[in-house]
Amino acid sequence: MSQAEAMQAEVTRTVSPLWTFGLLRSELVTTFRRWRTLALLAVLAGVPILVGIAVRIETSDGSSVGGPPGAGPAFIAQITNNGLFLVFTALAATLPFFLPMAIGVIAGDAIAGEANAGTLRYLLVAPAGRSRLLLTKYATVMAFCLVATLVVAVSALTVGALLFPLGDLTTISGTRISFAEGLGRALLIALIVAASLVGVAALGVFVSTLTNSGIAAMATTVGLLITVQILDQIPQLHAIHPYFFSHYWLSFADLMREPVYWDDLLKNLGLQAVYAGVFGSAAWARFTAKDVTA
Amino acid sequence: MAPYGSDDSTMTEEADDRYTGRRKAARYVVPVAVVGVAAATIGLVPAIADSGDPDLPEITAQQLIDRIAESDVQELSGTVKISTDLGLPDLGGLESSLGSGAMGESGDGSSADPSAKLMELASGTHTLRVAADGPDRQKLSLLENAAEYSLIHNGKDVWGYDSQSNEVFHGTAEEQKDEQRDVPATPKDMTEEALKAVDDTTSVTVDGTAQVAGRDAYRLLIKPKQSGTTVGAITVAVDAKTGMPLKFTLTPASGGAAVIDAGFTQVSFAKPAASTFDFSPPKGAKVTEEGEMTAPEEHTERAAPKSEDELAKDFEGLKVIGEGWNSVATFDTGGEGIPSGSEVGGDFGGFLDSLGDKVTGKFGSGTVFQTRLVNALVTEDGKLYVGAVTKDALVKAADSGK
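Respectively, the protein sequence lines represent chains D and E.
Using the numbering used here, the letters of the first sequence map in sequence onto residues 637 to 930.
Using the numbering used here, the letters of the second sequence map in sequence onto residues -3 to 398.
Take these hints with a grain of salt, some might be off.
Here are the computed lysine-lysine pairs in the BS3-like style, where the Cα-Cα straight-line distance is at most 27 Å [to be verified]:
#: 1; chain 1: E; residue 1: Lys358; chain 2: E; residue 2: Lys387
#: 2; chain 1: E; residue 1: Lys358; chain 2: E; residue 2: Lys392
#: 3; chain 1: D; residue 1: Lys926; chain 2: E; residue 2: Lys20
#: 4; chain 1: E; residue 1: Lys282; chain 2: E; residue 2: Lys315
#: 5; chain 1: E; residue 1: Lys77; chain 2: D; residue 2: Lys903
#: 6; chain 1: E; residue 1: Lys387; chain 2: E; residue 2: Lys221
These are calculated hints, taken from the structure and not from any lab test.
Please take these sequences and the hints and turn them into a complete structure.
Here you go:
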């Protein structure tokens, strides 16, 4: 009920343009204080730790990472050269499933969860308007995308720095860049990965406006995610693959080429913008016209 | 009604309901419109960007060929897209799994071996990056999913770096030269190969102009005059300013999609950064020196590449029948030939039969293996006939060679 209380406190204030930020702040605080959110972030932070320790143990006798070439997440062979590569490996390992699943849980819960708990109508009592409430919810989900990605990246960087050497790194094109530039690219990659999740976040918020059950919205979003990931693997459907939100996700690796190969990166960002536009406006159409009974 | 959602309208309840009903439906126009705008953008932008064929001064085919020959582009960097469709089943995955299985056991092979890696170009669509700065510094990178294979020639060193397996191959330039020439990867290499074949059996014309990678280009059309070859036509787009071939397309006589389509999608004739050609093996990478590569060849599991090598050794006994586009290479493999399916029997025999067609002629009988471009006839007495010719022409060549 904390957000309802927060809302009531806010209502007493006069409406100002900054009001939206008050709403956003209270949304952010509510979301990031939930045990569920913290548990999701803890799981995400655990992935790089597992990968790092596994690679460290396997290569402790001086051998390279085993298995046939191409097995395992991208960049895994380079981790032993440079701990910074653990950031890229961890993002490549979490992006196909862990990250979007966490987003699906938060996004699916955004509207339907409030409706489920009976708090949605209290939120709407506040003179914010439905569009603004929806926008705030979406902004909160996107903030979670960014925080979740950064949690993975920072955890990976810490583990990488503890277990492996750092220093100048070799790009996948074979050229060398300084560690500072490598860090810059890691940050850029984290931002691109966060932006890659914008589409699935919009989809989740839209699904969330369709139902009054938070669980149903989360399950639908995660189910859609799995379906799309499976369809993206079926070669016979290659004609429609470029339209799947997950199709260009791993293009963030192109930032590690020298010079950077932008084609797929830009396609990915464009596709995410289209998904955000389509499902964001569909969520708006649905939510602003919906009868809120709970 | 929701707590929020009432407006200042003074209409009656009923009219209000109908109004809001229509207004509710109208909201869904927005997402539909977004889809429409996105679809239109995807569909229209390339059409607008394609400003049609450029106007260039007339030029004869001979002048254009001379211009290609004179072309002296020393510095360039760009992206090349190569699509190859030989009509072979996609063996890419199978091949690499066989290869890695063998390598995993022997532990001696290197996935950074350039000759093995560049053979991947033989099927599917690939994106390459090329950079060159004079005769001593070149770089060729094969872009893969979240990985890259780079072949860097800098001075006397030739480095191969496979980022996926973090393996490095090191050789020296002199020894590498021939090997690199085996696999033409850029439109320029391919054009040179094609122009070698130009003689009186070929018609060469200039077929208008085109725009390739944002540059104005002439289209050179190379067509065999003879019948019996599987080559339909070769089109080369030649950059009007530098005479550099930018796009190479080979269409089969049987029609359909191009067998080879290689072209720059982006090209720049500026000097690439010097750091592009600098390479030192990353810490922890496995470095294989040239000459250490023989071990996996002896491995029995790599039966297919091995037999290819053996065939290559037999190239000394190579004879060419016919001329121009209809030339058929023939040599005696010295072996028993490929047994027919019935001889082998069982499932494997059926598999062999399904790969080729049985043919008979004056030469005896044999099996024809067909692709969309190159056909091969293996006779039962172990002779091999290979050429970019039709099945009938192959049989005729075998008859005459008898």
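**OP:** For the pair we were handed, E/Lys358 and E/Lys387, check the Cα-Cα distance against 27 Å.
**Re:** holds (15 Å)
Original post:
Is the hinted pair D/Lys926 and E/Lys20 satisfied, with a Cα-Cα distance of at most 27 Å?
Top reply: The given pair, whose Cα atoms are some 8 Å apart, holds under the 27 Å limit.
**OP:** Compare the distance between the alpha carbons of E/Lys282 and E/Lys315 with 27 Å, and conclude whether the hinted pair is satisfied.
**Re:** Since the Cα atoms of E/Lys282 and E/Lys315 sit roughly 42 Å apart, the hinted pair is violated (cutoff 27 Å).
Original post:
Is the straight-line distance between the alpha-carbon of E/Lys77 and that of D/Lys903 27 Å or less?
Top reply: holds (17 Å)
Original post:
Does E/Lys387 pair with E/Lys221 here, judged by a C-alpha cut-off of 27 Å?
Top reply: This hinted pair holds, its Cα atoms lying about 18 Å apart.
Original post:
When you check the alpha-carbon spacing of E/Lys358 and E/Lys392, does it fall within 27 Å?
Top reply: Between E/Lys358 and E/Lys392 the Cα gap is close to 9 Å, so the pair holds against 27 Å.
Checked against the numbered hints above, the structure breaks only hint 4 and satisfies the rest.
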